[in-house]
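Sequence lines, in order, name chains D and X.
Position 129 of the first sequence, counted from 1, bears residue number 129 in this note's numbering, the numbering being contiguous throughout.
Position 100 of the second sequence, counted from 1, bears residue number 100 in this note's numbering, the numbering being contiguous throughout.
The hints are simulated quantities; they were obtained by calculation from the structure and are not laboratory data.
Please read these numbers as outputs of a predicted model, since none were measured by experiment.
Mixed in with the good hints, there may be bad ones.
[Claimed, not checked] Covered, in the sense of this in silico footprint (three residues per stretch, anywhere, with C-beta under 8 Å from a C-beta of chain D), are these stretches of chain X: (1) 24-35; (2) 44-55; (3) 85-95; (4) 116-130.
[Claimed, not checked] Residues of chain D clear of chain X, computed beta-carbon distances all greater than 10 Å: (5) Leu11; (6) Gln15; (7) Pro20; (8) Glu39; (9) Lys68; (10) Ser77; (11) Gly137; (12) Pro147; (13) Glu152; (14) Ser159; (15) Ala173.
[Stated by the list, open to error] With a straight-line cut-off of 30 Å between C-alpha atoms, the simulated BS3-like cross-links for lysine-lysine are: (16) Lys125(X) to Lys163(X); (17) Lys25(X) to Lys78(D); (18) Lys68(D) to Lys43(D); (19) Lys25(X) to Lys18(D); (20) Lys125(D) to Lys43(X); (21) Lys25(D) to Lys78(X); (22) Lys68(X) to Lys25(D); (23) Lys91(X) to Lys25(D); (24) Lys78(D) to Lys91(D); (25) Lys131(X) to Lys25(D); (26) Lys25(X) to Lys60(X); (27) Lys25(X) to Lys68(D); (28) Lys43(X) to Lys43(D); (29) Lys43(X) to Lys78(X); (30) Lys43(D) to Lys160(X).
Note that the Cβ used here is the ideal one computed from N, Cα and C, for glycine as well.
Protein chains: 2
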Amino acid sequence: MPESNALPLVLLTEQFAKLPGIGMKSAQRLAYHVMSMSEQDAKTFADAIANIHSRVHLCKRGQNFTDKDICPVCASSKRDHSLVCVVESPKDISAFEGSREFNGVYHVLHGLLSPMENIGPQDLKITELLKRIEPEGITEVIMATNPTVEGESTAMYISKLLKPLGVKVTRLAFGLPVGGTLEYADKETLNEAIKNRNEMK
Amino acid sequence: MPESNALPLVLLTEQFAKLPGIGMKSAQRLAYHVMSMSEQDAKTFADAIANIHSRVHLCKRGQNFTDKDICPVCASSKRDHSLVCVVESPKDISAFEGSREFNGVYHVLHGLLSPMENIGPQDLKITELLKRIEPEGITEVIMATNPTVEGESTAMYISKLLKPLGVKVTRLAFGLPVGGTLEYADKETLNEAIKNRNEMK
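Turn these sequences into a full structure, and let the hints steer you where they fit.
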């Protein structure tokens, strides 16, 4: 950045530019925006960032982020605790909760197996999942990792560990996205859609 | 946001969503990213935001953001202090400095006249500009506000105040963007390009 900028503004710009999906130009715009906020508003924003680590930790059951011992979903008496949906990250839970279809509980792996990036089973919350099965009376585990190479192999690996425990392991259905058109469907998706076709009633 | 999220994360997401150009989805991604940063890195980020107001203020001459009394541009002996470029906001200075063509100094208005938004001359750094002319020996003022209705009328208004002071007032040239094509130029730009045509040498 040119010398015309004050050093604290340059430093703040660099901080913003470290965030995912934010380039130098956007980062600069954000830094100027903070400068245009009231000092009190900037303080509130800064506090929200500074305190997040001390206030938020992992739920002892489902491993989702929470500010309590057990997160609201795991603590809810209205949810089906025999059905667990295994996801890669906490933001996947927001997607499921947004659809309002799923009434079971969750387990967050906090990553996917990836030999390329040196991420092995010990780096994921897999032991924590296995330990939940018996005490919580879990009867079905839905593997809801993304349909990528890492997602598939992680689902496969965990399902092999779960089956000996006598629990039903299922996988999210693959097929055409609702509202999508055949024209734009890729080959793999189309193959899955044909393979998993259902009888019309 | 669904109940599945920890309150501090919801609050942080809302803080990010207040920033310009960041929607709820991006804001959530950024909040999760802060959660994945080390506690020390989050602290550094928060401090950069919290301290910006106390560390950065307006340069006493050019009104740009600075952490000193006089900003480096206004203090530089290598720049032409008789030539002042008047801009709407500090980020416009970065654009000029990036082009490395301009060697004068700047004056930041911190806004444009806008009767619609109730912004009058007293809300801009206009008096500060008029006070600089004589003591600093300024001979030319380039009005470099954007070519919008507000930018044009602000330039016009200020030029009328400057002319009685015996200073030359100029306006940035309008025309085709370099590298652009006629096909995509709008009518107004094309009209300006014809009106301001130059003899080829």
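Now the hints, each set against the structure:
By the rule of at least three residues with a Cβ nearer than 8 Å to a Cβ of chain D, the coverage given for the segment 24-35 of chain X holds, with 9 such residues. Note: the segment 44-55 of chain X has 12 residues with beta-carbon separation from chain D under 8 Å; the three-residue rule is met and the coverage holds. Only residues whose beta carbon comes within less than 8 Å of a beta carbon in chain D count, and the segment 85-95 of chain X has 5; three or more means the coverage holds. Under a criterion of three residues with beta carbons nearer than 8 Å to beta carbons of chain D, the stated coverage of the segment 116-130 of chain X fails, only 0 such residues being counted.
The claim that leucine 11(D) lies off the interface is violated: its Cβ sits roughly 5 Å from the closest Cβ of chain X, which falls inside the 10 Å cut-off. Some Cβ of chain X comes within 10 Å of the Cβ of glutamine 15(D); the nearest lies about 5 Å off, and the non-interface call is violated. Residue-level check failed: proline 20(D) sits 6 Å from the nearest beta carbon of chain X, not beyond 10 Å. At the 10 Å boundary, the C-beta of glutamate 39(D) falls inside the reach of chain X, the nearest C-beta of that chain being 4 Å off.
Once the 10 Å rule is applied to beta carbons, lysine 68(D) is inconsistent with being away from chain X; the minimum gap is 8 Å. Listed as outside the interface, serine 77(D) is consistent with that label: its C-beta sits roughly 14 Å from the nearest C-beta of chain X, beyond the 10 Å cut-off. Chain X leaves glycine 137(D) outside its interface by the beta-carbon criterion, the shortest separation being 21 Å against a cut-off of 10 Å. The Cβ of proline 147(D) lies farther than 10 Å from every Cβ of chain X, with a closest approach of about 20 Å, so its non-interface assignment holds.
With a minimum CB-CB distance of about 23 Å to chain X, glutamate 152(D) clears the 10 Å threshold, and the non-interface call stands. Under the 10 Å C-beta cut-off, the non-interface status given to serine 159(D) relative to chain X holds; the minimum distance is some 24 Å. Every CB of chain X lies more than 10 Å from the CB of alanine 173(D), the least distance being 22 Å, so the non-interface label holds. At roughly 17 Å between alpha-carbon atoms, lysine 125(X) and lysine 163(X) fall within 30 Å of each other, so this suggested pair holds.
A hinted pair counts as satisfied when its Cα atoms are at most 30 Å apart, and lysine 25(X) with lysine 78(D) qualifies at roughly 27 Å. For the proposed pair lysine 68(D) and lysine 43(D), the alpha carbon gap of about 25 Å is at most 30 Å, so the pair holds. For a cut-off of 30 Å, the pair hint linking lysine 25(X) to lysine 18(D) stands: about 18 Å separates their Cα positions. With a CA separation close to 27 Å, the supplied pair lysine 125(D) and lysine 43(X) stays within the 30 Å bound.
Restraint check: the Cα-Cα separation between lysine 25(D) and lysine 78(X) comes to about 27 Å, which is no more than 30 Å; the hinted pair holds. About 24 Å separates the Cα atoms of lysine 68(X) and lysine 25(D), which keeps this hinted pair within 30 Å; it holds. About 10 Å separates the Cα atoms of lysine 91(X) and lysine 25(D), which keeps this hinted pair within 30 Å; it holds. At most 30 Å may separate the alpha-carbon atoms for a hinted pair to count; lysine 78(D) and lysine 91(D) meet this at roughly 22 Å.
Between lysine 131(X) and lysine 25(D), the direct Cα distance comes to roughly 33 Å. Violation of the 30 Å bound is thereby established for this hinted pair. Our distance criterion of 30 Å between C-alpha atoms is broken by lysine 25(X) and lysine 60(X), whose separation comes to about 41 Å. Restraint check for lysine 25(X) and lysine 68(D): satisfied, since their Cα atoms lie roughly 24 Å apart, inside the 30 Å limit. The suggested pairing of lysine 43(X) with lysine 43(D) holds, with an alpha-carbon distance near 13 Å, which does not exceed 30 Å.
Taken as a hint, the lysine 43(X) and lysine 78(X) pair is broken in the structure, with Cα atoms around 39 Å apart against an allowance of 30 Å. With a C-alpha separation of about 41 Å, the suggested pair lysine 43(D) and lysine 160(X) falls outside the 30 Å cut-off, and the hint is violated.
Checked against the numbered hints given earlier, this structure breaks hints 4, 5, 6, 7, 8, 9, 25, 26, 29, 30; the rest are met.
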